[in-house]
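Q: Given chain R's structure and the hints, the job is docking chain G onto it.
Protein chains: 2
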Amino acid sequence: MQFVSEADYSRILNAYRADFPLGASLEPALRACLVDLLGNPGSLVRAQLALRSGESGEGIELRSCSVGIAVEYFHLASLLLDDLPSMDNAALRRKMPCVHLTYGEATATLASLALLNRAYAMLYEAIEDLPGAARAEARKLIEECLGVGGIVGGQAWDLALTGSGAGPQDYIKVALGKTASLFQLVLVLPALLTGASRRELHQLRRFALLSGLLYQIVDDLKDLYATPQQSGKTARDLELERPNLLLQLSATDAMSRFERFQRIALKIVAALEQRNSRWSFLGELTGEMRRRAAALVERVNTLEAAA
Amino acid sequence: MQFVSEADYSRILNAYRADFPLGASLEPALRACLVDLLGNPGSLVRAQLALRSGESGEGIELRSCSVGIAVEYFHLASLLLDDLPSMDNAALRRKMPCVHLTYGEATATLASLALLNRAYAMLYEAIEDLPGAARAEARKLIEECLGVGGIVGGQAWDLALTGSGAGPQDYIKVALGKTASLFQLVLVLPALLTGASRRELHQLRRFALLSGLLYQIVDDLKDLYATPQQSGKTARDLELERPNLLLQLSATDAMSRFERFQRIALKIVAALEQRNSRWSFLGELTGEMRRRAAALVERVNTLEAAA
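Chains R and G supply the protein sequences, listed in that same order. The letter at position 249 of the first sequence is residue 256 when you use this note's numbering, and the numbering goes up by one with no holes. The letter at position 237 of the second sequence is residue 244 when you use this note's numbering, and the numbering goes up by one with no holes.
If you're looking for bench data, these hints aren't it; they were derived computationally from the structure. Note that this is a predicted model, so its numbers are computed, not measured. Some hints here could point you the wrong way.
To be verified - Partial pick of chain G residues on the chain R-facing surface, computed with a CB cut under 8 Å:
hint, residue
1, Leu123
2, Tyr127
3, Glu150
4, Val155
Claimed, not checked - Chain G stretches covered by chain R per the calculated footprint, using a threshold of three residues with CB under 8 Å from any CB of chain R:
hint, stretch
5, 28-36
6, 113-121
As the list claims (entries may be wrong) - No farther apart than 20 Å at their CA atoms in a straight line, the calculated lysine to any residue pairs in the SDA-like style are these:
hint, chain 1, residue 1, chain 2, residue 2
7, G, Lys147, R, Ala25
8, R, Lys147, G, Leu33
9, R, Lys180, G, Leu33
10, R, Lys147, G, Ala31
11, G, Lys102, G, Leu45
No residue lacks a Cβ here, since even glycine has one placed at the ideal position from N, Cα and C.
If we strip away everything but chain R, and leave its shape as in the complex, we get:
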């Protein structure tokens, strides 16, 4: 998914590599592991969204980029930990063997802590010049999204619920915690930095929640129906009985659900665009997710027709 110009993409990619300084005295295995990780950045979609969300502010680009890179580091740290044997016991991630298989679980854990430490420093530095009330709101958002009310809580529910026992509300709980939280950070924090209005911020928060739900439907389809070569990671929901919408709904019904959420999301985008045309990229985001969902649903239907 690309939502920024080639020049901005290069800028994000350079920042992703340069924003994590590796000190001279770093233990060699941890250093090698971090070098590998920084060399395989994934789609950087979160950083791209952060840059777009902060783009109208004078001189805000640098801090928005910083927020985006920080969230990418946080996301990567969460992938390293999710892939551990005690969680998903995965083998493949971003088309490479998982870090714990190459460097061992201890180094994977320490690498994730190093990434988190850098991410928190960058996030809190990015908001420190905001005026008092906005800064307090930003701080609250960071803590909520990255803690038990967000990604940590979402992962706990994901592990606790089994696919067969999970109800519709459970999918939403997991998706809001695990997936929507990081969308919140990359969409709302840069907007806070640009001095967006209360109304815009409220709508962005709602949009971010919906985009988390949409993304999770794509991810659930991918987990069950994409090959590891296509997804670049180990499928796990079926084997581990993790909550996956497609274990309860047909692909067609999941797509209807996607389209229902997307309609609500697009209404929010329309309201945001009336205030400022720069928010049109949010419509592109839902469109891109829809194309991915539709391609996977088509694959399911082809597979089923052949069976």
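A: Only chain G this time, still in chain R's reference frame:
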């Protein structure tokens, strides 16, 4: 170790429990795990030191207490992760079965992330009203102490070095990373909040490094010569061949080394006390560590005489 009044100790204990809010929607196993952890706080020595270090500042107590509790949460998170099978594979911590044995590795990992998230929020909030240059210094200190230049890097070296191959500089590298880093935070950050002079801050940083080395000698003695009942945790250095000073030096030589470091530390304390008598508690800290080291050395000598 108690370095504060009974009233201040109660205050720290209450803050330790109250500063970690458990939201209503928390997944039950993660909640139970966090409730257990908050109910078994350990010595809270780091929080006590933070309170003492910030005590001369008008209205600084609250933020110093916050720094202290945050470092306690960080310390606890690091213990949970260090105890995992992939690192020390420990069974006992703070006189209780390790969290991963009671709740599983995944919940132990998520609990540590929840603690870290709260700790970072508290640390960065505590420093956010400092003037620009002091805030930048505080931010740099936090990031260094908690990342690859501090506790994460120290743990990486601790795992990478084996006891037999480690030289004297290696012990220092591990102790500075793993142990001195958190002393830095609890001694220097509250002093920064009270507007301590550059000279005082410089001396505090040196003192914190030395106190990390002193504490590590006590910990190395404890690992080899205290029973699990006395230490409340699983001994590991001998079995796992981790760097431990006592694998290379006799107890008497380790004690000489302790006393050499202590003399340097006490010179720094004397210089600090000339400026302000409130720093005398740092002398008490080294005295208390010396009593512990001496008691363990006496135990070693008794054991050796009996053998």
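Q: So, for every hint listed, does it hold in this structure?
A: To see whether the hints hold, each was checked on the structure:
1. Leu123: Hint holds; G:Leu123 Cβ to chain R Cβ min 7 Å, cut 8 Å.
2. Tyr127: Constraint on G:Tyr127 satisfied, holds at 4 Å.
3. Glu150: holds, 4 Å
4. Val155: holds, 5 Å
5. 28-36: n = 7 at 8 Å, threshold three: holds.
6. 113-121: Per the Cβ count (6), the hint holds.
7. G:Lys147 - R:Ala25: holds, 17 Å
8. R:Lys147 - G:Leu33: holds, 17 Å
9. R:Lys180 - G:Leu33: At roughly 11 Å apart (the allowed maximum being 20 Å), G:Leu33 and R:Lys180 satisfy the hint.
10. R:Lys147 - G:Ala31: Measuring from Cα to Cα gives roughly 17 Å; hence the hint holds.
11. G:Lys102 - G:Leu45: holds, 14 Å
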